[in-house]
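Read off the chains here:
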Amino acid sequence: MSTLSIRRTSAATSPAPGIRSTPEYAKLIDIGSCIGCKGCEVACKEWNDLKVEPTANFGSYQSHQDLSAHTWVLMRFDEVEMSGRLQWLITKDACLHCEEPGCLYACPAPGAIVQYENGIVDINQDRCIGCQYCVTGCPFDIPRFDRDTKKVYKCNMCVDRVDAGLEPACVKTCPTHAISWGSKEDMLALADQKVDLLRRRGFENPVTYNPAGIGGTHMMYVVPHGDRLADYRLPATPTASPAPLTGLGALKRIGAYVLGFGVLSSLVHYLTIGPQTAEDVPADEH
Amino acid sequence: MSTRSELVPRFSSAQRLVHWAVGLSFTLLLLTGLAFSYPALFWLTHLLGGGTSAMVLHPWVGVVFSAAMGATFVMWVRDMRLGAADRRWLRAIQAYARHDTGHVPPAGKYNGGQKLFFWAQTLLALVFLVSGLALWFPGAIAAVVPAASTLLASMRLLHYLATLAGGLLLTLHVYLGLFAFPGTARGMVDGKVSRAWAALHHPAWRPDTDPVTTTRDAERR
Amino acid sequence: MASLAATFGRGAMTNHWKDIKNADVVLVMGANPAENHPCGFKWALEARNTHGARLVTIDPRFTRTSAVADDHLQIRPGSDIALLGGLVRHILTNDLHHADYVRAHTNASFLVSDRFSFEDGLFSGFDAAANRYDAASWEYERDADGYARRNPTLEHPRCVFQLLRAHFDRYTPARVADITGCSEEAFLRIADIVCSTGTADRVGTVMYAVGWTMHTVGSQIIRTGAILQLLLGNIGRPGGGINALRGHANVQGATDHAIVAGILPGYLRVPEPAQTSLAEHLDDATPRPLVRETLNYWGNYPKFFVSQLKAWFGDRAQPDNEFGYHYLGKTDADATWLSIWDQAHQGNLEGFIALGFNPLLAGPDVSRLQAAMAKLKWKVVIDPFMLDSAEFWKAPGMDPAAIDTEVLYLPTTHWIERDGSFTNSGRWAQWKEKAIDPPIGVRSDTRVLSELFWRVKDLYAAEGGAYDEPIQALTWNYLNPREPTLPELAQEINGHDLASGRRLGSFGELKDDGSTASGNWLYCGSYPEAGNQMARRSTEDPTGLGMHHGWAWSWPLNRRVLYNRASADQAGAAWEGARAGIAWNGREWIGDVPDYGRTTRPDAVGAFIMTEEGVARLFSPLLKDGPIPEHYEPVESPTGNILHEQVAINPVLRWYDGVRDTLAQEADRSAYPYPCTIYRVVEREHFVTSNVPYLVEAMPDFFVEVPEGLAAEKGIANGGQVRVWSRRGEVQGTAIVTKRIGPLTVNGQTVWTVGVPVHWGFVGLTQGAMANQLTPFIGDANTSCPEFKAFLVNVEAV
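From first to last, the protein sequence lines are chains A, B and C.
Residues 417 to 702 in the working numbering are what the first sequence lists, from first letter to last.
Residues 6 to 226 in the working numbering are what the second sequence lists, from first letter to last.
Residues 236 to 1033 in the working numbering are what the third sequence lists, from first letter to last.
Derived by calculation from the structure, the hints in this document are not laboratory data.
Worth double-checking, as some hints may not be accurate.
Claimed, not checked - Label pairs and their calculated CB-CB ranges:
1) A148(B) / P439(A): 23 to 31 Å
2) E469(A) / H921(C): 18 to 26 Å
3) I825(C) / E469(A): 50 to 58 Å
4) A472(A) / K669(C): 33 to 41 Å
5) L138(B) / P635(C): 53 to 61 Å
Every residue gets a Cβ at the ideal spot worked out from N, C-alpha and C, and that includes glycine.
Turn these sequences into a full structure, and let the hints steer you where they fit.
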């Protein structure tokens, strides 16, 4: 995507170049309409030409134990009892494209993580230095490091397709329309409708998952049992910067002065008191 | 009595080697570390071949640093015990800074400041090692620790704090060694200092009976 | 399919995929559409998501469909009729049926012969020696003109309505709970939802698939579902119907073109030996009306049949040779799946051509199939991929040195490498284009079959041979006779007027005098002079009901909902305005293409134009195992039949040699205590996807689903290895220990169900156990469709 669309960039020393006025997009996952077919998993791999990874059944319908540099979308399957009824929770695990992206904030490599005007958060692997700070910075545990390339990878919301006016591959392939795609505004309105419908269908706590702590996300969920977010593996109050990183940010600003002060005071000492050369000091002063 | 300009050995060749291993590795670590911390300094990663290779090499340089620090510790630890004399010296540190030699209690081979420096350096090296290992292998941490990202973020904080402290120490060390007290640096180059320098800075040091330098080096001389 | 034809006159999904969005209640039973029909299943969710339709699953397992359903009921495999019979009783005892509909559009009022009876599990006419029923006593009482007598008040004890009521009265909630293993409360909870559509303003649909079909009582399960839907007045209405979900993209098309034994394309009958002339065949096969006011559309059978003979034999089909009738084989041999392999097993089959399927893995009792295949002299496998069936001789446990079968493998194009049509479950024939080129050197199926035809024909010409006339007389008029194109074939199937050469626009134009030809009357109109209707892609939907008459083409005559006359009352007014299928405006029917004469008055003939009765059959004498469905236990069952102990299983099954010895008998119940069922998963499509790396990655290994409680009892760990064995064979795989299968209380005893998926074999990117090692070699009494869904096993940790 063109630099004209870059709204935020990691480790920036100057404002990001984005001047385009593009709508913000969002993907809306209607968990209650997802059948866990993994079509999105496969479409993601096909579109992005991701490697086939050797998998083995580990006592679940889930394909992989975890996300990886080669698997950017993973359907997670959990059997949970809720008010006496069995629920088979099937949750799409992939990048949520936060409005306040913790990964981007944590990244030390200039331009390695960018956020476009349309809300997509993307990693530029050619600038990524492989420090994995983004992994730590992500409140959803999404980015994955590849040992071979020493870079980090994650869902890029099919930014190439979106740039060409298409929906992401997972949206295109979803057979039950459990994934919707459109402007963030429209998706929020759609989410409201879906939440309303769930309420009319007897669900007591349906919610739209678009957490405020990170300014909202560009992949949102409609969660039928909003009071049981943890069962869906969704953190209730994610933040863009965990406390230690917020501290670090503040400290870095002070730290620069501290180091500067160290150098400066040496200079001042040299200029005011000056060096003390042993040969210049009379022997009897010892 | 020998002349004041006569040179006496102060550091063995092994000590000098280890010192420079620590010094060079730490400088590299500091500069690349600062590059990772401050976007404006990101260009410093080119010291190690650019962003990715700096990221790859930084921990390996850290390995060199840690090993050299280990050797440093072994070589110097016996000399670095802080005693009552050192505490007196430290209380007079302002006089030392002002070159008010008359008010500085006489130091032995190492003054209280150097000993404190040693222990601070050792402590920082440990912090670097522990936090650095965690940051080097975040995957391994995540595999065994439940809330790994908080822990790893804390390690980043610690690593940075240590960097800050280490940076200050290095600045001080370089300034004192190279600029404030001419003749000092030579001790780490050819291992020798002048008797005048020794008399001024380490009046209680007896170079002629120093076991570190009177064994092999003395014989060779 | 047999049971739908026996009930409504045509054996196909009554409605279509998109129509499911119009339902108020969606019952999914004997199917797992989220898993096996994910694209079509979206319409069930659409119904739920747009107007809050209730989605209910009834299944031995909590499936991926259940995961998005409003409610789920777990039942024991093979107890479906008990459950559905319970629902029928629930409707009848609580007067929940759509009374006006039942009176107008079903045979509820028909009087059945006083010779009909049902006692101790047997209907009248049972011949124990021959293992069959004589259906003579299942007929209607006739009046002097030969028409059926009726009782419009539905009060006569021998009217179908009362017979039905008496028959299902035994299916009390308590009995249903005992047989199926669910609780009475859960049954009633589900019954309240499912039986809530017996009104004019509500409509419900049923989605079923092979979970109903693949049983020894499969046809009767479907019949029970059809009765349920008729009583609720849901057949013929948008949002209603009984919807058979077909497996592969083109199973409906394949069935329409006679992939199953016993029919010719278009569901015409295979001539029988006794029918020694065309006239006799037509006389037997053409039904006569049972009431005055029926269109009895099958009365046109001779036109369809003669036109088909003309399509096949062209100028060699003339009135003086009975249009080539004698070129057809006349057989009473059973050529169903099980019989073919039974013949092979007995050494009576010389060769076998497997075209586009994998018989070794797709049939029951793999060990038996392997033994049968090893007795063939030759076997030809024609497929895009190397298959287990082509390499059966090196299957685990086989000794290649001991097998003399010559196996030929002919690689052919995959459908993605060709154009052509798919007919989906909803009867929409949709033309598709070639997506990619085939690998170099790979030939199309039509090329391979044409070559075969020409070489056989040339051999006959050169060497002569017994009865070579059918081959010599066969029409083969294609631009390139070595490789007909699919449009050419589609046009031939559509048919044309022989005098003018004009392609026909409707099967209404077919004649029985030899002046028209049509390969399959059902598809007449799919490729008229106006062009390929199957390739149409208009998305317009003036009805708003998702009928899309300008998208592709559906048989018959582009009609989207079968029996849509029943969507209106006797006067022709739609039961409900918003979801009107068709309605009478005083001069003609408007809406869908009417399943009725366009200008035929509403009261002129019955709504079900394909039946002799003019109405749908609640009571149907056309199935072999009874006119009313009855619960029989699976041949391997963990329990007795509490309805009639002496007749525990379907009494008219066909038993092949030695099969009884491969079944777990009553005495073996402790050795094989667990009902097992076989199914598919969404990541795989039968066996072909074991060649697709991404899909193998998504679902890599064969597994066994074990209920948590049973796993605890047996020390089976989630993700650990388990062995499952029946009397026929064993499989081993990774255990998925799950809460999704609970304990059942069947006749007072706790029963655990286990399940295994079918997709694995020994050829492909991953290897895994063949689930059909476990299944019994027995099938449905009517269709011979094998029992894949209910049998007994034991299980242990490895």
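We went through each hint and held it up to the structure:
no.	hint	result
1	A148(B) / P439(A): 23 to 31 Å	violated (40 Å)
2	E469(A) / H921(C): 18 to 26 Å	holds (24 Å)
3	I825(C) / E469(A): 50 to 58 Å	holds (56 Å)
4	A472(A) / K669(C): 33 to 41 Å	holds (37 Å)
5	L138(B) / P635(C): 53 to 61 Å	holds (57 Å)
Hint violations for this structure: number 1 only, all remaining hints satisfied.
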